[in-house]
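Trainee: My request is simple: use the sequences and hints to build the entire structure.
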Amino acid sequence: MTLRIWIISSLLMTLALTGFGCHRVKTAGQPDEGDPGVKNRKLKIGIYMVANGKCAVDFPVAAVSKGNNHTAGWYATDNAQYRIDWPNGSPFANGGSIPTLPSPKVAWGGPLAGTLAHDYYPYSVTNLAQPGSHCKEAIAPPGDYDPGLHVTP
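Read in order, the letters of the sequence shown correspond to residues 415 to 567 in the numbering used here.
If a hint is listed, it holds; no wrong ones were tucked in.
Label-pair ranges, simulated between beta-carbon atoms:
| hint | residue 1 | residue 2 | range |
| --- | --- | --- | --- |
| 1 | G510 | G481 | 20 to 28 Å |
| 2 | N493 | N466 | 14 to 22 Å |
| 3 | V464 | G528 | 33 to 41 Å |
| 4 | G546 | V452 | 39 to 47 Å |
Pairs of lysine-lysine residues, derived as DSSO-like cross-links and limited to a Cα-Cα distance of at most 27 Å, are as follows:
| hint | residue 1 | residue 2 |
| --- | --- | --- |
| 5 | K456 | K480 |
| 6 | K519 | K453 |
| 7 | K519 | K480 |
| 8 | K453 | K480 |
| 9 | K519 | K456 |
| 10 | K468 | K458 |
| 11 | K458 | K480 |
| 12 | K519 | K458 |
| 13 | K468 | K519 |
Because the hints were derived from the structure by calculation, they are not lab data.
Don't be surprised by glycine CBs; every beta carbon is placed ideally from N, CA and C.
Mentor: This is the structure in structure tokens:
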């Protein structure tokens with residue numbers, strides 16, 4: 415009987431150590447809600463100041479899918495106030511600029527537009543404490559694509 419208990423205990427210990435029954439756990443700072451291939455994905459993009467009046471974004475080039483009902487949203491990781499501007503037009507149905515919110519609140523772009531004019535949408539970021547200049551300038555192809563959204567049908 416002790417051999418049987420030892421085998422069962424060993425089997426249970428092996429299953430526990432190999433992660434049997436594990437599932438994906440959302441960790442702090444994870445950038446999105448949902449995987450790229452699933453429906454209704456919400457991609458969160460953080461913005462923060464780096465140096466000399468310049469800012470950066472967590473994902474300089476991100477991808478969303480219209481067919482999978484994806485959207486993107488921006489938030490300030492440093493609690494500053496920013497605005498997203500679309501020099502070549504917005505991919506979102508509501509169009510226009512998007513003012514950001516301090517973390518953890520996210521300013522969502524909303525649903526993607528019914529008809530998309532491009533497959534890549536560069537955007538600029540303005541720090542509202544320094545109006546009149548972009549802290550992150552949009553560079554359209556064939557530039558370095560930074561920052562922008564690739565939109566697939």
